[in-house]
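**Student:** Protein chains in written order, with this note's numbering: chain C, 67 to 548; chain D, 67 to 548; chain U, 67 to 548; chain B, 67 to 548.
Honestly, the hints are just simulated from the structure, not real lab data. Just so we're clear, the structure is a prediction, and the values are computed from it rather than from any experiment. It is possible that part of the hints are untrue.
A pair counts as met if it fits within one copy or between any two copies, since identical chains are not told apart.
What the hints assert, rightly or not - List of simulated lysine to any residue pairs, SDA-like, C-alpha gap at most 25 angstroms:
no. : residue 1 : residue 2
1   : 299       : 263
2   : 432       : 490
3   : 432       : 281
4   : 299       : 218
5   : 73        : 381
6   : 415       : 482
7   : 520       : 231
8   : 73        : 399
9   : 499       : 519
10  : 73        : 482
11  : 369       : 352
12  : 435       : 281
13  : 432       : 88
14  : 432       : 488
15  : 73        : 498
16  : 432       : 383
17  : 415       : 340
18  : 435       : 263
19  : 369       : 446
20  : 73        : 519
21  : 415       : 280
22  : 73        : 496
23  : 73        : 484
Number of protein chains: 4
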Amino acid sequence: MNRYDDKPAHECGVFGIINHPEAARLTYLGLYALQHRGQESAGIVSSDGDRHYRHKGMGLVADVFHEAELNRLAGSAAVGHVRYSTTGSSSLSNAQPIAGDLTMGPVAVAHNGNLVNALELREDLLRQGSVFSSTSDTEVLLHLIASTFADTLEDALGAAMRRVSGAYSMAVLYRERLFGIRDPRGFRPFCIGRFRDSWILSSETCALDIIDAEYVRDVEPGEIVELSSAGIKSYRFAERQPLAQCIFEYIYFAKPDSLIYGHPVYAVRKRIGEQLALESPVDADMVIPIPDSSNVAALGYSKASGLPYEIGIIRNHYVGRTFIEPQQTIRDFGAKIKHNPLPGLLEGKRLVVVDDSIVRGTTTRKIVKMLRRAGAREIHLRISSPMVMNPCFYGIDIPTRTELIAANSTLEEIRRHLRVDTLHFLSIEGLRKAAGGVPGGFCDACFSGVYPVKFAKVGKDLLEESARQPSLLESLSRMEAR
Amino acid sequence: MNRYDDKPAHECGVFGIINHPEAARLTYLGLYALQHRGQESAGIVSSDGDRHYRHKGMGLVADVFHEAELNRLAGSAAVGHVRYSTTGSSSLSNAQPIAGDLTMGPVAVAHNGNLVNALELREDLLRQGSVFSSTSDTEVLLHLIASTFADTLEDALGAAMRRVSGAYSMAVLYRERLFGIRDPRGFRPFCIGRFRDSWILSSETCALDIIDAEYVRDVEPGEIVELSSAGIKSYRFAERQPLAQCIFEYIYFAKPDSLIYGHPVYAVRKRIGEQLALESPVDADMVIPIPDSSNVAALGYSKASGLPYEIGIIRNHYVGRTFIEPQQTIRDFGAKIKHNPLPGLLEGKRLVVVDDSIVRGTTTRKIVKMLRRAGAREIHLRISSPMVMNPCFYGIDIPTRTELIAANSTLEEIRRHLRVDTLHFLSIEGLRKAAGGVPGGFCDACFSGVYPVKFAKVGKDLLEESARQPSLLESLSRMEAR
Amino acid sequence: MNRYDDKPAHECGVFGIINHPEAARLTYLGLYALQHRGQESAGIVSSDGDRHYRHKGMGLVADVFHEAELNRLAGSAAVGHVRYSTTGSSSLSNAQPIAGDLTMGPVAVAHNGNLVNALELREDLLRQGSVFSSTSDTEVLLHLIASTFADTLEDALGAAMRRVSGAYSMAVLYRERLFGIRDPRGFRPFCIGRFRDSWILSSETCALDIIDAEYVRDVEPGEIVELSSAGIKSYRFAERQPLAQCIFEYIYFAKPDSLIYGHPVYAVRKRIGEQLALESPVDADMVIPIPDSSNVAALGYSKASGLPYEIGIIRNHYVGRTFIEPQQTIRDFGAKIKHNPLPGLLEGKRLVVVDDSIVRGTTTRKIVKMLRRAGAREIHLRISSPMVMNPCFYGIDIPTRTELIAANSTLEEIRRHLRVDTLHFLSIEGLRKAAGGVPGGFCDACFSGVYPVKFAKVGKDLLEESARQPSLLESLSRMEAR
Amino acid sequence: MNRYDDKPAHECGVFGIINHPEAARLTYLGLYALQHRGQESAGIVSSDGDRHYRHKGMGLVADVFHEAELNRLAGSAAVGHVRYSTTGSSSLSNAQPIAGDLTMGPVAVAHNGNLVNALELREDLLRQGSVFSSTSDTEVLLHLIASTFADTLEDALGAAMRRVSGAYSMAVLYRERLFGIRDPRGFRPFCIGRFRDSWILSSETCALDIIDAEYVRDVEPGEIVELSSAGIKSYRFAERQPLAQCIFEYIYFAKPDSLIYGHPVYAVRKRIGEQLALESPVDADMVIPIPDSSNVAALGYSKASGLPYEIGIIRNHYVGRTFIEPQQTIRDFGAKIKHNPLPGLLEGKRLVVVDDSIVRGTTTRKIVKMLRRAGAREIHLRISSPMVMNPCFYGIDIPTRTELIAANSTLEEIRRHLRVDTLHFLSIEGLRKAAGGVPGGFCDACFSGVYPVKFAKVGKDLLEESARQPSLLESLSRMEAR
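Okay, chain C solo, but in the shape it has when bound (with noise of 0.2 angstroms):
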């Protein structure tokens, strides 16, 4: 789906539930509540307190389950598990959760974050005898686990959460108990809910609003927290560190009605836009977005700059995995599969067209060659996220610096290679402070190139040889990744 996009990737949702009769079906409804953020595969662990339930597929949610897996799934918890989506590495083997037979009994891992010394913690591992079956920075999680001879499982979650770096949200299923875990910087989102006397963790809270649960709070950095029938436990596995919170979250990865860091996502996008038209205002005669992840910032610059808000382009919404291109060419094939303009609408009109982000810029110049044939006078693009200039490794999917547009031309190159008539990326102040009712810090690598967490042996330079980041682990690997 991406693929015709050109966006940033998700990593990964997780969900999980515990004491409910119906635990999988509502981990089936919550991960599909939270499919945007991985469509590549789909997995759900279940426990009734003796054994461990599993089954996992490639595809979307809808189609990895039907009745017979989710009656298959007995048990009162369940842990679930949306991996994103790239061509290549697609593996049944590195879906998640991730479960094991450890001493203490089985266990299963869904993860969403990367490790950023999952590649040392793995060959430590291997020397110390253990054997692995995918190329998942996420089993690297549960050797840890099992490694850490703990007497119970908080102790070795937090032991081995010590010897971690990087990014992750993390929810693990033992017996009936259900732990959450976020790294002390809190880079991924991770929220607590309640129904009843059933406990919920989520990437987002909408995953929460289609089983009726009510948000509680957010896991905290550094924290763990245990769910189980006997209610909430909290255990803290290190120091409070400065927060470094994805903020991308806000301007692309999170749905608009989600929750996230606690705040509403619609109200942050929107300020987003307001804040770029203050910061580039435009004379002309609407503001049109590219669907759908422009839709509210381009609402906020409509509101902030008083130019009338217009539906220009139109989103088809049934882009299979596998769709057939025609062999001739098609002018802006790539583009049109997803966005066809208006016709009439647009024809002699000066535009402020909204888009989230731009990673190579390939989609966004077809669009705009696409505006500009049905009759659009003068396009004005704005960007409500600063320009991505550097690699993410703490979760997200951004390719390498030498294929980011930003990274290797000026803002007049690309104004230039994009044919708009002026060009404008929002500021990273303007971000910041687009964000700021949201307390505490961000992590803005991806745009200020500061990074959070430092790399210890596998240096930064390793990293970005990779092809992609979060495929090291892959790509290093001696095992095809299936």
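Please arrange chains D, U and B on chain C, whose structure you already have, making use of the hints.
**Tutor:** Okay, now just chains D, U and B, sitting in the frame of chain C:
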């Protein structure tokens, strides 16, 4: 998909192309652009002048066709079809195009509409020795063509059409020629496009856009056009009658990026929203659409009323065909699977909520409840169509009168049932006015009860008895529709 | 499957049952027992008296039908069909039974045989306005029935059959009645069975055994039987003509556990082997069959010759339809995939190898090579049929004359080509004698060239031109067979 | 398949090859030839020296692997596995080969046998921090290898094997080398083959034949062979112990065209039939086998007794995995689905019926009833194995003692239960004598109760408690086997 929307259902989308080396592939793209007109089945028949090649299947275009199928569909001419989705009558044998071998050679028919005398014609044909292999009224057309014994196909088509009553936009593939036919009142849309030396027929212009073709004109009511490598020829098989173009295309069915009856849907739909605001203004804090079908009308309401437009409900686009529901009751599950109101934004607010139509009212009621739970203080529901009080016999799947809430309740009863503070349906006059930039008459029988084409032997009473109109043949047939 | 055997191919197996609450399930079992007669496609049409229900698919019976399909096939009457496997002409629309809605109601036809005037009939019917949706000659029968305009189905069937020339054993389902029809010369087998109050039609008796039914009698040549809850009625539509029962059923096609034409296949086949030994004795160490089709004849040879019977070649029964061949050459791959000679047993031995027929000789030659490599000192090949020198126009798929090794070579040339020490084909007289316990005449046109039924407008020449006879309609048709 | 046979079930078939450009394709062919040893799942891991590639799936070899999968399995070395079919424990995660990444690199293990101390080893490994992802004892082997910390894989394999008790023939793929290991008593067969510069490991020689390879020798009990482009190396990891080769391979499991323990199965199996005739002659009209597994023994009985051999029962080879049974009772349905007695032949006859073994007796009883209904006057049942009275702990799936008819009844009781006139089981002495051409000792614990290898902590009692031996790990495990 439709089951969670409670909307009238499309009958079909039709696409055909001649004189192009990738005829089947472009038809695949055209059908993909028309996917919103039918998600139940998809089919393509191609011709290399000598032989016909065919493939059809249940499901979305991208699921039914893959490389292997498209490669097999040889030839420079093709016709394709998407069919709408209902629960009961799924059937591969009813999927279109319907192809057959006639004495003149192989012929394939793809059809959007409904023949009101199909049953009588079918019985006449049966008595003459015809053998039917489906319950589709399109198969009736094929047999009718075969039974005219005319010398040329264009004569046969004219003779056949003169026996037919009802609504139809039809593409007929014969060797390397493509015929487009539209009933004398022009109930359903049907347009002609061109790309270099290739000619195209399509239900909507959005399918021309995706393949870079330009809109030439509509097929005229009562006209047969013949497209071939020699260009376009026109035949008239009936006197022009008062127009009865389906006005619901402007309200709900057509994509906003299409021209319908030669006019942009977006502009008409926005005028409809403006008219709604004029008819029924209210003091409120914001206007929100039920996405996505009411987005444009809500924007029109916002513009005319001056109230701010907000995206107050987020729609999930990942709903598959076989969604597994939990066994326990989740509040308003059916609406929730697609819609989630924004947290925070709606709290304490007075909302104008714009929806395009109300059929049974089931989903609308659930959405209103969700908005109340999200904190809405007042809900003023504005419907951008008049009350749907009558079934359609011209190709739209509207429930029987007993199920239509507007046919069985007063406005006040509906308002109380939906639990909204105020409720207004667009007036028929207002609707006509909003569509008034468009010349000529419309069919608004579903609102007004005035049916432009009368019924013969199988009268209106029988039609209404049948569970749902488009399935009349099916319900009376002695063959299960498979 | 057949592609690794180089044998004549079956056309079909037919099964029908009435007056049983599990009609479709028993038809499924019957088709499973007839699976050897066709592996390409399987289909069942059932009737509850009011409506017909149908399901067919490509593949084996157990792959096409599952619980869901069988549950949907309601009613107390059903007819089913298995169709043989060729490479090119796979086609779902040609799969049987062919079902249609006629003026008298829904009718389904399942047919084993070949109509020699199908093309003329089809063209007549096309000229009368019939529309064909397949290239199957069974569809011709259905249209023929529709075009008789007889008052009752039995009259219509009689009238239709009088226009048809060729070989056919046919089951016709109409409401809750089942008609069995066999051509006046009785080319193909067809028997009647009974289980309590249920009546059955089947191509072979082995399908009666599996459902505990008893064999009643054969459908007589020129007879129509009508099976219903009222019992059995018999109509005669043609004078009895000299019998022309396919003798190849005894040699190869029928299962050894069936009665064919009222006589046990096993006994006839064993007599064939005995006759072969009488005609062509040889001094050797053992007799081995090419399994499994030659097992019984080899046993007969062993008995008559006194030479010991050994299972010298083991057959692998797991061959699927889509076997992937290695790209490098494996010696005699095609034969090896099914056959492996025994190590040790054959070394230095003089073998009598019994095979049932030679068509192209390709597989036989490979098997001979395998036996040589296994150490066989002498190989005396004995074929339990005469030389196949002519195509069949009555329902068997035999290659064209140019491909038949016996039509193009002397006995000595064949022997040298196959690299055997001696070679003998059963004489036609010997074959007749072995089958002699069975009253009446046989068709042995494939051996003798004497065709019992002549060809009309579309003459023998044209037939021979067509690549393979049963696909005549297909090769001349203007519709791809899908 | 087995469910209609009531026979002991195979554990597995193993195949591996090195130094061949089409390693995965030849492994596919080898597994196809070993398909009779396991129909539940199939898997292949290949190696290009640098990386491992893997694919496995549930079902038959030809269903699991297609062009795409085989193309992906790059490299010149490969190992493959087929696993037997039971109802409950189907599981993809238990399918083999089991592949993992170890500190020395990627290793894949395919294993036929059963470790009697797997549970203890697994618990030891868990306590050391190992994480298990399946309930397969093959995964135990992989972890054991990882935990030896030996410098070379050959040392690691030796060290690991010295900790293991039980029966195993195992292939280990490591980069481009292939290791073959057989337990010190040689329970399961395992042979080495060669094709030019390629070396092969296989459970049976029939898999060598299909790829034109020649049989070199067996892997010796207690030996590790290392196959590489450098040729063959041999290591000894254990003293040679008294041989305990599974004698059931000769009776039932192995294909007649294989050499097992270096000797032709066909010859031994025929001698078994001869011995049976010597031990238990009877005055009768014919000898018939229960096909196909008793064909050879019946031939031996016929030869030794002078009674004629007849194919009295025909077997249907089209049984799929998911056969739908009718809801009404068909007499002896389970037996009928595969077997049909010949009409005519058996009527009034005195039969010697040869079967290879009796486990529960359920199917045998049904077949006897069928023969009676086919008119058999006397039935003398001769079983070509001794009474199966004990479970197997060395890799064969035999029901628990409570289900074994011979463990709970006298000979006379069994005879009466089966309703045969006389009944004889081959004596253990007779069996040994028949297998006597083969040097060395056999394991016949299932007949004699003499178990060559003792049990440790998890004793025999516990083993017998577990429903079926091979599923011990599964039944005790805390992870569902998926």
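**Student:** With 25 angstroms as the alpha-carbon cut-off, assign the pair residue 299 and residue 263 to within, between, both or neither.
**Tutor:** Cα proximity of residue 299 and residue 263: one copy only (14 angstroms, versus 64 angstroms across).
**Student:** Is it within, between, both, or neither for residue 432 and residue 383, if the alpha carbons may be no more than 25 angstroms apart?
**Tutor:** Both: 18 angstroms inside a chain and 24 angstroms across chains, each within 25 angstroms.
**Student:** Tell me, please, which holds for residue 432 and residue 281 at an alpha-carbon limit of 25 angstroms: within, between, both or neither?
**Tutor:** Answer is between; shortest inter-copy Cα gap is 21 angstroms, intra-copy 41 angstroms.
**Student:** Between the shortest in-copy and the shortest cross-copy C-alpha distance, which are at most 25 angstroms for residue 432 and residue 488: within, between, both, or neither?
**Tutor:** within (16 angstroms within a copy, 45 angstroms between copies)
**Student:** Have a look at residue 499 and residue 519 and pick one of within, between, both or neither, based on CA distance no larger than 25 angstroms.
**Tutor:** Answer is within; shortest intra-copy Cα gap is 23 angstroms, inter-copy 63 angstroms.
**Student:** I want to check one pair: residue 435 and residue 281. Are their C-alpha atoms no more than 25 angstroms apart within a copy, between two copies, both, or neither?
**Tutor:** Between copies only: 19 angstroms across chains, 44 angstroms inside a chain, cut-off 25 angstroms.
**Student:** With 25 angstroms as the alpha-carbon cut-off, assign the pair residue 299 and residue 218 to within, between, both or neither.
**Tutor:** Answer is within: at 14 angstroms inside a copy they meet the 25 angstroms cutoff, but 47 angstroms across does not.
**Student:** Up to 25 angstroms between alpha-carbons, please classify residue 73 paired with residue 498: within, between, both or neither.
**Tutor:** Answer is within: at 21 angstroms inside a copy they meet the 25 angstroms cutoff, but 43 angstroms across does not.
**Student:** What label fits residue 520 with residue 231 when the C-alpha limit is 25 angstroms: within, between, both, or neither?
**Tutor:** Cα proximity of residue 520 and residue 231: one copy only (8 angstroms, versus 49 angstroms across).
**Student:** Have a look at residue 432 and residue 88 and pick one of within, between, both or neither, based on CA distance no larger than 25 angstroms.
**Tutor:** between (46 angstroms within a copy, 23 angstroms between copies)
**Student:** Tell me, please, which holds for residue 73 and residue 519 at an alpha-carbon limit of 25 angstroms: within, between, both or neither?
**Tutor:** Intra 24 angstroms, inter 52 angstroms, cutoff 25 angstroms: intra-copy only.
**Student:** One pair to classify: residue 73 and residue 496, alpha carbons no more than 25 angstroms apart. Within, between, both, or neither?
**Tutor:** For residue 73 and residue 496, the Cα distance is within 25 angstroms only inside one copy (21 angstroms; across copies 43 angstroms).
Consistency note: the structure conflicts with none of the earlier hints.
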